[in-house]
Amino acid sequence: MKGRRRPRLSFVWLQACSGCEISLLNSGERLPDLLNKVEIVYFPLLMDRKCGGEGEFDLPEADVGFVSGSVSSDEHLTLLYALRRRCRTLVSFGTCATHGGIPALRNRWSAEATLETVFPGTPGQPTLPAEVPALLDRVYSVDEKVRVDFCLPGCPPHPETIAAVIETLVTGEQPRLPGKSVCETCPTIRTGEMHRTVRRFLNNAEYNSEEPVERMRCLLEQGLLCMGPVTVGGCGGPATPLCVQARVPCRGCYGPVRSEGNQLLDMLNVLASHGVDHRSIVDRQSLLRFSGAHGLLRSVRKTEGVVLMSEKGNKKSS
Amino acid sequence: MTQVITIHPVTRIEGNARIDIQLDAAGEVCDARVGISSLRGFEQFVVGLPAEEIPRIVTRICGICPWMHHLAAAKAVDACFGASLPPAGHLLRELCQVLAHIHDKILHFFFLGAPDFLIERDADYSVRNIMGLVQQQPELAARVVRMRQLGQVMLERLAGKAIHPVAAVAGGFARPLGKSERESLYLDGQQLLDFACFALEFAKKEVFPQFLEVFAPVGAITTGFLGTVDQYGHLRLYDGTLRLMHPDGRVEEFAAPAYEQVLAEEVVTWSTAKVVYAGSWGEGLSLDPASPKGVYRVNTLARINVCDQIATPRAQVELEEFRSRFGRPAQHSLLYHWARLIELVYACERVLELLGDERIVDPVVRAPVTPQAGRGVGHVEAPRGTLIHDYTTDENGCITRANLIVGTTHNIAPMNVSVRRTAASCIQAGRVDDEILNRIEMAVRAYDP
Ligand code: SF4
Ligand code: SF4
Ligand code: SF4
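Chains as they are written, first to last, in this note's numbering: chain A, 1 to 318; chain B, 1001 to 1449.
Any given hint could turn out to be false.
[Claimed, not checked] Computed from the model, here is a short list of chain B residues facing chain A with C-beta under 10 angstroms:
{"hint": "1", "residue": "1010"}
{"hint": "2", "residue": "1047"}
{"hint": "3", "residue": "1052"}
{"hint": "4", "residue": "1056"}
{"hint": "5", "residue": "1061"}
{"hint": "6", "residue": "1158"}
{"hint": "7", "residue": "1279"}
{"hint": "8", "residue": "1280"}
{"hint": "9", "residue": "1285"}
{"hint": "10", "residue": "1309"}
{"hint": "11", "residue": "1312"}
{"hint": "12", "residue": "1314"}
{"hint": "13", "residue": "1356"}
{"hint": "14", "residue": "1359"}
{"hint": "15", "residue": "1401"}
Hints in this document: simulated from the structure, not taken from any laboratory.
Yeah, the Cβ is synthetic: ideal placement off N, Cα and C, and Gly gets one too.
Between the sequences and the hints, there should be enough to build the whole structure, so can you do that?
Spelled out as structure tokens, the structure:
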């Protein structure tokens, strides 16, 4: 891609919140320069080019395609196939695209159960919007559906990382991503002494607000569920992980440290190896809060789902 | 034979929307629909989760205004758990909210809306956008980019994460604000206020005069309005009473938890977002532009219309000028952009006011909470309009039911009416071109879904 022609970039979103795109805009001073170096050929948040009407998407040809969001309707699937055909390098942009992200939390239910909850009609006969794209049986990450050349996790990815990735991709080099965990980028004090149970985040962590975060005790050691050990780092750029900066425990939004890792199993391992009682976690499935694609979060059968929902509140889960 | 013109996706807006315009045999517009095509199911997947976790999950509804969902959810959870916050908790939350409004308004006006006005109307799609603006007006673009960035950086300093925030927690806020931090935020806040005043002056000179002339017919409709005010009738974004104004000017006020008695929701076939209308008017719902029924609007113009006053001085001066020109309620949809910049001034002034409040540096920022069974409704004014989160919890404090009404949802009905009106006035004998399609989109962009 070294010639005189500016590299052509395409940005497509599926089940996305546009946070990934806003994060790109947050690269600040670098942004005008970056926008001048590339030619953006498709980017619905920022530009008007249309890609089609019914069923078919006629996307422009691009050197690099960025796709954010997870794949959750048949329309997303069509759009994703179109993008794959029309770009040379495909980047999964953000945790929804790489691991399912928050939208994949719906995988704990069947598509029908979700529709019944969102559009409660008379029982058994929900009133549904019929002329909108059909939901897929579950929410998929991008690599479950097409070949992906490069994964850039983060919810959203750090602006500097996005800018750096664009800059390297346009010169034709292979970008490098941080492979360290959130803990490895976290400056809090660790003593090796752990609280035996995990508590809910109902009051603030203990720390002296006059002192920098470097003087705060590790949140996990304080008994708060902090997913730092099993989550890939980079959210704070070179600085402290963002949630820890706010003195709030990590919930794993960058996805697993190894891309094929399982945040739930890995976290339970961390807790077990420190003698922490994992049964004290109220909702263990939310350890997969950001990485429920790849079949990791599975729906209970539809009827069970309905029973569970209607009996909540007068039945303790066993 | 009838024909359907589809605009898909609608661009330079947040999210997935499409427009379908139906033409009759003579090529005249007989119907038009704006629908949201993507369903995520937050109401489903928060079920079963511990309520205190919800404020950091629902942020993923929108990456442009995650703070609004974060705060409405935090308020709803407070109410479920019966928490009463220390003053610093509320002040810090509101500070974050107004900072988030600032970034959103700069983004919306300059990145999404202004290219329609600042770049020649027949310009190619490849330059009629922020990239084109960067090339055509580099100095202005650089300043805009810098100022939006500044708001985001201030949020990060104050709250760690700016996109998909975490700092508002059940019972308050996660960390106190230091005294020296407050001073540096104050200086930055002054820069933002200068920029806001510049932006409004600039728009009054360079943007509004031509758009009012050229685009006069775009989406002119008559509806009611909904927004939030305090007990003196002043504009509020963070809390207060909801005020619903009928097109004839009569108003009714209600507290957010009573929303179901006033607002009604209806499922429609073409949108995953339900259509909300003013049930309390007792006239049902009609999207016919000739006589819309039950239709009210939210978001900047609505708030500017329903409030009696704005409590900060510069914004109040601007409000008075606005009213003297356009009356109250002002109905023209493109005035959303004007109202947006008045609110930008208000938000900047409010940042300085909040930072000037001694209580904001109090180290006590959070009251401990106890999970319990309950129901809580939290509401804030999001850039896109009144946002309502309604949760029910079981005795473990886990969610059993959730209902969310987001800003865009209130505006689905009026957007449909506006688009149909615009389409009908621009499309004759089945003739459409890019400029016409873009005008129709502008009717959506004014609302900013
Ligand atoms: S990864 Fe996060 S920021 Fe990006 S689209 Fe998904 S929810 Fe939004
Ligand atoms: S567990 Fe959390 S607080 Fe502790 S070191 Fe890791 S990221 Fe930091
Ligand atoms: S600390 Fe964890 S949850 Fe917070 S932004 Fe970083 S990776 Fe995401």
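Consistency of the hints with the structure:
Proximity of residue 1010 of chain B to chain A holds as hinted, the smallest CB-CB distance being about 8 angstroms (cut-off 10 angstroms). Checking residue 1047 of chain B against chain A: minimum C-beta separation of about 6 angstroms stays under 10 angstroms; hint holds. Taking 10 angstroms as the C-beta cut-off, the interface hint given for residue 1052 of chain B holds, the closest approach to chain A being about 6 angstroms. Taking 10 angstroms as the C-beta cut-off, the interface hint given for residue 1056 of chain B holds, the closest approach to chain A being about 6 angstroms.
Look at residue 1061 of chain B: its Cβ gets to within about 6 angstroms of chain A, closer than 10 angstroms, so that hint holds up. Taking 10 angstroms as the C-beta cut-off, the interface hint given for residue 1158 of chain B holds, the closest approach to chain A being about 9 angstroms. For residue 1279 of chain B, the suggested interface contact is broken, since its CB lies about 17 angstroms from the closest CB of chain A, more than 10 angstroms. Checking residue 1280 of chain B against chain A: minimum C-beta separation of about 22 angstroms lies over 10 angstroms; hint violated.
Hint on residue 1285 of chain B is violated. Least Cβ distance to chain A is approximately 15 angstroms, over the 10 angstroms limit. Nearest Cβ of chain A to the Cβ of residue 1309 of chain B: about 33 angstroms, over the 10 angstroms cut. The hint is violated. Checking residue 1312 of chain B against chain A: minimum C-beta separation of about 27 angstroms lies over 10 angstroms; hint violated. Hint on residue 1314 of chain B is violated. Least Cβ distance to chain A is approximately 27 angstroms, over the 10 angstroms limit.
Interface restraint check for residue 1356 of chain B: the shortest CB-CB distance to chain A comes to about 20 angstroms, outside 10 angstroms, so the restraint is violated. Violation of the interface hint for residue 1359 of chain B is found here, the shortest Cβ-Cβ separation to chain A being roughly 15 angstroms, above the 10 angstroms cut-off. A cut of 10 angstroms between beta carbons decides the hint on residue 1401 of chain B: the least distance to chain A is about 9 angstroms, and the hint holds.
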